[in-house]
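Take the given structure of chain H and dock chains L and B to it, following the hints.
Protein chains in written order, with the numbering used here: chain H, 1 to 178; chain L, 1 to 172; chain B, 1 to 177.
Hints may contain errors.
With the Cβ distance kept under 7 angstroms, some of the chain H side facing chain B (calculated, not the full set) [unchecked claim]:
#: 1; residue: T3
#: 2; residue: Y8
#: 3; residue: S19
#: 4; residue: G84
#: 5; residue: E88
#: 6; residue: A90
#: 7; residue: N108
#: 8; residue: L109
#: 9; residue: A112
#: 10; residue: V138
#: 11; residue: V174
So the derived list for chain H, only partly shown, Cβ under 7 angstroms to chain B, looks like this [stated by the list, open to error]:
#: 12; residue: S9
#: 13; residue: Q11
#: 14; residue: M21
#: 15; residue: Q22
#: 16; residue: L24
#: 17; residue: P95
#: 18; residue: I97
#: 19; residue: Q110
#: 20; residue: A111
The hints are simulated quantities; they were obtained by calculation from the structure and are not laboratory data.
The structure displayed is predicted, hence computed values, not measured ones.
Note that the Cβ used here is the ideal one computed from N, Cα and C, for glycine as well.
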Amino acid sequence: MSTYPAIYSGQHVTAQLLSDMQPLTIMATTDQTVTNTATVQNDTTLTAPVSAGASYLVEIYILASSSSNTLNQGFKTRWSIPTGSSGERARFGSPNIAGNYTSRVNTNLQAAARDTGTDTTYLMTGDNGAHAFFESAVVLIGPNSGNVVFQFAQATAGGAGTSVARKAGSFMRVQRIA
Amino acid sequence: MTVYPTWRAGKKVSAELLTEQQTHIVIASSNLIRSNTATPTSDMALSFALAVDARYIVEAFIAFDAVSTTPDITVSWSVPSGTTGGRFCFGAATPGSTFTDETNGRVTVRSQSIGSNTNYTQHDNPQSITEILSLITSSTAGNVVFQWSQSTATASNTTRLADSYLRIERVG
Amino acid sequence: MATYPTFNPGAILRGAQLRSMQSRVIVCTSADTVTDLDAEKIDTELFCPLGANASYTVESMVLFRNTVDIAAASRWLGSVLLAGNVNGYMVFSPTESESDFSTASNTTANMRASSSFAFSQPRVNSDNTNTAVWAKFNVVTGDVPEVVYHSWCHSPLGITATLTRDAGSYMRVTRFA
Chain H
1 MSTYPAIYSG QHVTAQLLSD MQPLTIMATT DQTVTNTATV QNDTTLTAPV
51 SAGASYLVEI YILASSSSNT LNQGFKTRWS IPTGSSGERA RFGSPNIAGN
101 YTSRVNTNLQ AAARDTGTDT TYLMTGDNGA HAFFESAVVL IGPNSGNVVF
151 QFAQATAGGA GTSVARKAGS FMRVQRIA
Chain L
1 MTVYPTWRAG KKVSAELLTE QQTHIVIASS NLIRSNTATP TSDMALSFAL
51 AVDARYIVEA FIAFDAVSTT PDITVSWSVP SGTTGGRFCF GAATPGSTFT
101 DETNGRVTVR SQSIGSNTNY TQHDNPQSIT EILSLITSST AGNVVFQWSQ
151 STATASNTTR LADSYLRIER VG
Chain B
1 MATYPTFNPG AILRGAQLRS MQSRVIVCTS ADTVTDLDAE KIDTELFCPL
51 GANASYTVES MVLFRNTVDI AAASRWLGSV LLAGNVNGYM VFSPTESESD
101 FSTASNTTAN MRASSSFAFS QPRVNSDNTN TAVWAKFNVV TGDVPEVVYH
151 SWCHSPLGIT ATLTRDAGSY MRVTRFA
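One chain only, chain H, in its complex shape (with noise of 0.2 angstroms):
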């Protein structure tokens, strides 16, 4: 069980300790585009500073949307973390099969887990508006002190003018645990 600072009965209450309780929240006001690429790209604003030997609860809810009504040029997700760190992703949104998707709101589930590092890609056009997806793992960073970077790409370069959007709304929570 992990809860972090520990707090201790005559311990000196102090900002840096009210400041450590506290989950970082990264909400971002403003959409960021990324165009015709299927390599993932960092998020310049769902990017959080992780300690080394740390652990971290993250959160990350995201809206979506693409440019292309071609279902397999849809959203690819990742996470970057410092070397030597390690996490599970759970991750809740449209799936990565065509087939079972009619709409955002017609469509089976992408309900899975994989590490950080692996890509995530979840299936959706552009005429049907943005779509939700949720992630989160519990991080556990290594040796390393770094940054905790949403990526993300199309699943398929669409070719020139195409692009994904990481719509404003979007928001990412850092819990740390330990």
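Positioned in the frame of chain H, the structure of chains L and B alone reads:
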């Protein structure tokens, strides 16, 4: 990247600020039954007062039950004027989709405007939805309030079940 | 609206109060397995002690995987109270239907809710990759301290199979009254 409140050395630790830092849980203690209505109205058991010029994450875990598979449900939110943000809708697929029962059905995974309707298929057994709001309030005070109705007005009852709850954190 | 604890102006601030504000996160650091099991087993890591006369929300993310076509049986219980005191159970996971489950990346869903028991049987990938089960519920304890815990096995019982509850599964416990 935000936290609330922001602690700095020398800042007075007040009961009010510590309360602001806490996770707030709003839990419905009893069932709420509606029938013959397809216009979402406020469910005041699931509401929370928001400060002006602030940021919040509101997570709603809501369970419904129904006597019939006809009415389905429609969900919306009321927030103070000028509030912006994102809304995440996770639940059963829209009415008319492939859906067997609460353990076997297609889903909705969509964004929606905060004050607009989202329709979910509802079986005649207890079934849940999850909606998340990331809110930025403006200069008008007020409450965030969960709203719901049947999708098809039907004489048989639809129930928002007790133990449905909101989890609210002020983050800015 | 509820928060715990209640802070009153002018009152002495105690370490126990600050600890009570903190959500507790329990993370599985190791995978665990059941093989050919005929009864649920208590999870070796997914459990949390609770105080008496208190109310908590519990959010869980349990990861399962195996190598044959079966389901997981996933249940939440209290050690002292009857199962009914695990209230308002809501799950979002792959379906319980074998015929409508392809993989955990492409499945109909289980969106079960229950006011009387916290139990579901989602289908699990047979390719040894993880299925995720996202469940939420509340616990109201009685006059004695309590332990809320995950109880699980493969479903159906009594078959030749090995099911893994994977490392990285977690539960977050927040006291609100």
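- prompt: With 7 angstroms as the cut and Cβ atoms as the points, is S9 of chain H at the interface with chain B?
  reply: holds, 4 angstroms
query: Against chain B, is Q22 of chain H within 7 angstroms by beta-carbon distance?
result: violated, 10 angstroms
- request: Would you settle whether the hint for G84 of chain H is holds or violated, based on the nearest Cβ-Cβ distance to chain B being less than 7 angstroms?
  value: Violated, about 16 angstroms.
query: At a threshold of 7 angstroms, is the proposed contact between P95 of chain H and chain B supported by beta-carbon distances?
result: Constraint on P95 of chain H satisfied, holds at 4 angstroms.
Status of the hint placing Y8 of chain H at chain B (closest C-beta pair under 7 angstroms): holds, 6 angstroms
message: Take the shortest C-beta to C-beta distance between E88 of chain H and chain B; is it under 7 angstroms?
response: Status holds, d = 3 angstroms.
- prompt: Holds or violated: S19 of chain H as interface residue toward chain B, Cβ cutoff 7 angstroms?
  reply: violated, 12 angstroms
- prompt: Holds or violated: is the Cβ of A111 of chain H closer than 7 angstroms to a Cβ in chain B?
  reply: holds, 5 angstroms
- prompt: Once the shortest beta carbon distance from L24 of chain H to chain B is found, is it less than 7 angstroms?
  reply: violated, 14 angstroms
message: Interface hint check: Q11 of chain H, Cβ to nearest Cβ on chain B, cutoff 7 angstroms. Holds or violated?
response: holds, 6 angstroms
query: Measuring from the C-beta of Q110 of chain H to each C-beta in chain B, is the shortest one below 7 angstroms?
result: This interface hint holds because 5 angstroms falls under the 7 angstroms limit.
Restraint outcome when V138 of chain H is required to lie within 7 angstroms of chain B by C-beta distance: Where the cut-off is 7 angstroms and the nearest Cβ of chain B is about 5 angstroms from V138 of chain H, the hint holds.
When the structure is compared with the earlier hints, violations turn up for hints 3, 4, 11, 15, 16 and for no others.
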